[in-house]
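**Q** Residue numbers (the numbering used here), protein chains in the order written: chain F, 255 to 515; chain U, 255 to 515; chain A, 2 to 305; chain Z, 2 to 305.
For the record, the hints were derived by calculation from the structure and aren't laboratory data.
Check before you lean on any hint, since a few could be wrong.
To be verified - Below are the DSSO-like pairs computed for lysine-lysine, each with C-alpha atoms no more than 30 Å apart in a straight line:
| id | chain 1 | residue 1 | chain 2 | residue 2 |
| --- | --- | --- | --- | --- |
| 1 | F | K363 | F | K339 |
| 2 | F | K339 | F | K436 |
| 3 | Z | K286 | U | K423 |
| 4 | A | K12 | A | K206 |
| 5 | A | K206 | U | K423 |
| 6 | A | K179 | Z | K281 |
As the list claims (entries may be wrong) - Listed next, the stretches of chain Z that the computed footprint assigns to chain A, with coverage defined by at least 3 CB atoms under 8 Å from CB atoms of chain A:
| id | segment |
| --- | --- |
| 7 | 62-72 |
| 8 | 226-236 |
| 9 | 246-255 |
Stated by the list, open to error - Counterexamples of contact, computed for chain U against chain A with all Cβ distances above 10 Å:
| id | residue |
| --- | --- |
| 10 | K339 |
| 11 | L403 |
| 12 | N477 |
Source: prediction; values computed, not measured.
Cβ atoms here follow ideal geometry from the backbone N, Cα and C, with glycine treated the same way.
Letter by letter, the chains look like this.
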Amino acid sequence: MNHKIENKKQRCQSLKVQTITYSGTRDFVHVYLDPPIWDYVPGQFVMFRPGSWSNDPVWPRPFSICEKTDDALRLFIQVVGRGTKLISCLRPGEDVDIWGPLGNGFSLKNDESVLILAGGMGIAPFVGLCKTHKNPGNINLLFGHRAPLSSYPYDELPENMSKEAMQQKSMEDLNEFQLVLKQKIQDFASKGRILACGPSSFLRAIQKYCLEYKADAWLSLENKMACGVGACLGCVARTTDDEYVQTCTCVPVFSADKVFL
Amino acid sequence: MNHKIENKKQRCQSLKVQTITYSGTRDFVHVYLDPPIWDYVPGQFVMFRPGSWSNDPVWPRPFSICEKTDDALRLFIQVVGRGTKLISCLRPGEDVDIWGPLGNGFSLKNDESVLILAGGMGIAPFVGLCKTHKNPGNINLLFGHRAPLSSYPYDELPENMSKEAMQQKSMEDLNEFQLVLKQKIQDFASKGRILACGPSSFLRAIQKYCLEYKADAWLSLENKMACGVGACLGCVARTTDDEYVQTCTCVPVFSADKVFL
Amino acid sequence: MDFRVDLGGLKLTNPIMTASGTFGYGLEFKPYGNLEELGAIVVKGLSLRPRQGNPMPRIVETPCGMLNAIGLQNIGVEKFLLEKLPLLPWKTTPVVVNLYAQSAEEFSDLTRVLSSEEGVGALEVNISCPNVKEGGLQFGQDPQAAFKVVNMLKKHAGSKPVIVKLSPNVADIKVIAKTVESAGADIISLINTIGGMAVDIHTRKPCITNVFGGLSGPAIKPVALKMVYEVCKTVKIPVIGLGGISNTQDILEFILVGASAVQIGTASFTRPDKVFTLVKDLRVKVEELGIKSWDEFRGSLRLG
Amino acid sequence: MDFRVDLGGLKLTNPIMTASGTFGYGLEFKPYGNLEELGAIVVKGLSLRPRQGNPMPRIVETPCGMLNAIGLQNIGVEKFLLEKLPLLPWKTTPVVVNLYAQSAEEFSDLTRVLSSEEGVGALEVNISCPNVKEGGLQFGQDPQAAFKVVNMLKKHAGSKPVIVKLSPNVADIKVIAKTVESAGADIISLINTIGGMAVDIHTRKPCITNVFGGLSGPAIKPVALKMVYEVCKTVKIPVIGLGGISNTQDILEFILVGASAVQIGTASFTRPDKVFTLVKDLRVKVEELGIKSWDEFRGSLRLG
Ligand SMILES: Cc1cc2nc3c(=O)[nH]c(=O)nc-3n(C[C@H](O)[C@H](O)[C@H](O)COP(=O)(O)OP(=O)(O)OC[C@H]3O[C@@H](n4cnc5c(N)ncnc54)[C@H](O)[C@@H]3O)c2cc1C
Ligand SMILES: Cc1cc2nc3c(=O)[nH]c(=O)nc-3n(C[C@H](O)[C@H](O)[C@H](O)COP(=O)(O)OP(=O)(O)OC[C@H]3O[C@@H](n4cnc5c(N)ncnc54)[C@H](O)[C@@H]3O)c2cc1C
Ligand SMILES: Cc1cc2nc3c(=O)[nH]c(=O)nc-3n(C[C@H](O)[C@H](O)[C@H](O)COP(=O)(O)O)c2cc1C
Ligand SMILES: Cc1cc2nc3c(=O)[nH]c(=O)nc-3n(C[C@H](O)[C@H](O)[C@H](O)COP(=O)(O)O)c2cc1C
Ligand code: FES
Ligand code: FES
């Protein structure tokens, strides 16, 4: 992995919850925390563990950094299980142990065209990326989603970037989306870098097309993680060199031709 | 135990937290819940387990019924460990599993004199008792406490009952309190029933004096409990008949001459 | 879906039983639900004569679990048959008597007394209690001793199915499971509690007078599930799985690895109507997962 | 109070060590604390040659704990000595190398390589890993095999203290403890993880490809504490206690039952600076309890 960003500023801090807002339903929440002292690269993530968790759940939960401003660290979280349910019930003022920024993050140049493929919660890391991009005109985003578009931070993406959202409610929608994906990748393969984040079925499809069209594509994986710092070896992914590498430190952003999904 | 009250109305219900108010510090809380469908006898208690506890802590926590009105079930709780800490952070609207009313409760006649000895949180069951007593003039209460009096629901006790509070901050205070206790018990032994609730050292002292002066005294024990319904045999107390009886069902209110403390 | 389960002679309307020692004599839970809705009621371990159990304290809470060293306090088999059994709905819901004895002879005396009782649906032999000095665990850890006890029990049990309850405190659960099967056990139940301990750094004393206690509750579920899986792969007789079950998902996990029925223990302390709720909720969950029959689902774990 | 601990040759500035496999090669935690403040650093289990470990998924969360079946993925002893050890502060903080091998011969080869390395403070032999097919656990469950391995290791270890790490998956931990002591072990550490399993009722598959995994975390603390207590009563060599430790109270509980030092495992996943915080907090707690010296406190549990 030549892509590793040296980041000596990782820290573990207790940060206070500022507010939690709901996006559409109670299943999509924006968590705003007091800002940590570090800076980050979009695609990087944090480990998140509320102080109130005591013994159970044992593990922290990994979340992409959605956005970081001078005022707050913001995460965009979908309630899918017990941990995220508990997180969605946090109150302002509660302490959360946060360590990061973790992983490598996306590498891209402001003056190059980029195709962003986001599936569902995979939009999270791209919010900060797009909003801080010097040349939003260079961004093309395709967003596939199941829940209503209003559940996601789609509208707040810069006006002057090109974006398209497609909702999948049925198998037909999904098939159509796959076709559009394929077409986009084919069209874009020679033009610049492709960045993708989303559920594994989504990434697998993208990987297939990217290999087919020899695109320069980077995929952000979401393996289960326990430590987030490369120590437990629970989050590894198998590379094409037949190595198991920790997705939490060496990646999670992988070159599409280097990893088995 | 001839004292067992048949209570066929025990129920387990999810009740909503109405409000939580703090008394003096955050370590003394009044928890108001939607009223359950049953009625109770002062001295009875409930098992209390917030729905949010999931796997940990495993056990519910037992609390005396402080007061029950048409509007609310009220508990008076001191934060002493992890469970009570979590309870003190509950929010209005949260669900709590409550089963009760459990145990026997105090038996007393409205037209007889009664001496109530309460130590610290031992005041909880007597709030409802005093406030619903038909003849408060018959009540004599001695209240020993460590925290400031304002932490306890002492002021709300009926005007027309006789009450006295003594704070223990030092060994001397404690010795003096013991002397007063002894004197009260001696004076009262022939006049009516004595009811006591408080920490075990407090109850042990009372038991000693009551046996000495052959008082008709009833003590409310606070053993650790897991089930609250007589099934686990974890809460037993040894009686003078050398039997182990469940304090959760057969008692917790014991005749002072029938139990080893 | 047909919820009934036939454990080789012991017939249940659904696979949910209570676990011994966590459901008293059953009557304690009457205010909280209809006992007739349960698959079976397993009562507190009974001995020939009443037992006082261990001195207090006997229980302590631990992370996601608890330790107990009750020491088999019970009213004795006679009083149970006279005062408790008649009040239980044994005609509709099998009442399983959990047995404890300190010697093979005592076990056989107990069995004789119970085998002629119409209201007793099955015997569950506790050869695995870690909380008493004599008997109990040694039978459960020593295959030869276990064989002898079970063999003899079967002789006196008449038509009553004999369930043998195994201790997890062994190096290889398969060995003892195989042994009790060959000794004639009709059913195996597991796991009993895992040996554990807790201490108080302030008083510098054990939290339980008995020093050691048995660990139960959600904490032990992964250990229980593994052992139940291993035993199901090893024996042909039906297996009852337990250990840390607290919701319908847990129940289905045990059935998925091969258990025919389950027992609910410590979870009954989190809410006295827990086991009744589980019976209702299991129907919903099974529907949701599209499970067609127990025979199809049981042991259908796919490897590799 | 003097916080130092002398484990028969292995000298620590304080009793808090990291547990193998939960602290990587130590370097992963450099951003989160000063490694020199730790009692000792125990690194991920190393084998003679690099190992890939088991296929994914390898970990799953359980109530108050987790299962893992990493399968000893490691970079091999050579690469460790070349690339990792030089970056660790071994001059101030002993670096303990945890060893894994599939045969007695491999164990002795490994030991020979390590015994001459100045930067290696001690060897911890993992005769208790439940997650690999060959070696590991069988040494830990069979006293005779354990004796042979430890005996031979000692021959090649030179002046390096040999720590033997025991498996809890046995019927009687005292037997194996006594055996490894008589085979020459300098120190015993326990417990390794407890065998467990988790399944997914939706996919009907095990949550871990390896099917079985090892249970760790707060859930197992009561089991660990009992075994540490029993071993401390049985052997004369120093004992390192671990299993589910997550706060200073837990640490003192293990020392109260007789442990000379402790290791922090799964707790490091709850916060990467956990072990550093514990070192600081332990001083406060010890003060608060009025503990005068480790010698006075260690094993001072009062029975009856
Ligand atoms: C690098 C990284 C970045 C992520 N960023 C985000 C984000 O910005 N927003 C967001 O909502 N989610 C994100 N996730 C996923 C998020 O971590 C999981 O949804 C969360 O951990 C689930 O916790 P839970 O307790 O609610 O679910 P559990 O009860 O643990 O599991 C519920 C379901 O979620 C799945 N799941 C559990 N843990 C993970 C995991 N680590 N990754 C993927 N699936 C998991 C389980 O397989 C199960 O199907 C990210 C994951 C990774 C690894
Ligand atoms: C019948 C009965 C009625 C009670 N009524 C009240 C009441 O009205 N108000 C109130 O504040 N408390 C009452 N208690 C005590 C209350 O149940 C405990 O304080 C509470 O369970 C402690 O929980 P925790 O998790 O905070 O403490 P833990 O962390 O479990 O323990 C902290 C400390 O509290 C002690 N403790 C734990 N459980 C109990 C227990 N069941 N009884 C006594 N001490 C315990 C422990 O030994 C320890 O010293 C009552 C107890 C009983 C048995
Ligand atoms: C308080 C208590 C008492 C118990 N008494 C008995 C008993 O008398 N006989 C027995 O075979 N098992 C007894 N057990 C063990 C349980 O039946 C069960 O095997 C164990 O608790 C594991 O299941 P669980 O995790 O669901 O509780 C007892 C358990 C507890 C917690
Ligand atoms: C992810 C993981 C990997 C582990 N790897 C090893 C190992 O390589 N060698 C070893 O001896 N123990 C290993 N262990 C066991 C731990 O060192 C420790 O014995 C066990 O986790 C119990 O302690 P804990 O509850 O504090 O985690 C591992 C544990 C975990 C959770
Ligand atoms: S999460 Fe532990 S190594 Fe990646
Ligand atoms: S608390 Fe279970 S018997 Fe009293």
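**Q** Evaluate each hint against the coordinates.
**A** Hint check:
no.	hint	result
1	F/K363 - F/K339	violated (37 Å)
2	F/K339 - F/K436	violated (35 Å)
3	Z/K286 - U/K423	holds (24 Å)
4	A/K12 - A/K206	violated (46 Å)
5	A/K206 - U/K423	holds (27 Å)
6	A/K179 - Z/K281	violated (51 Å)
7	62-72	holds (count 5)
8	226-236	holds (count 3)
9	246-255	holds (count 3)
10	K339	holds (14 Å)
11	L403	holds (28 Å)
12	N477	violated (7 Å)
Checked against the numbered hints given earlier, this structure breaks hints 1, 2, 4, 6, 12; the rest are met.
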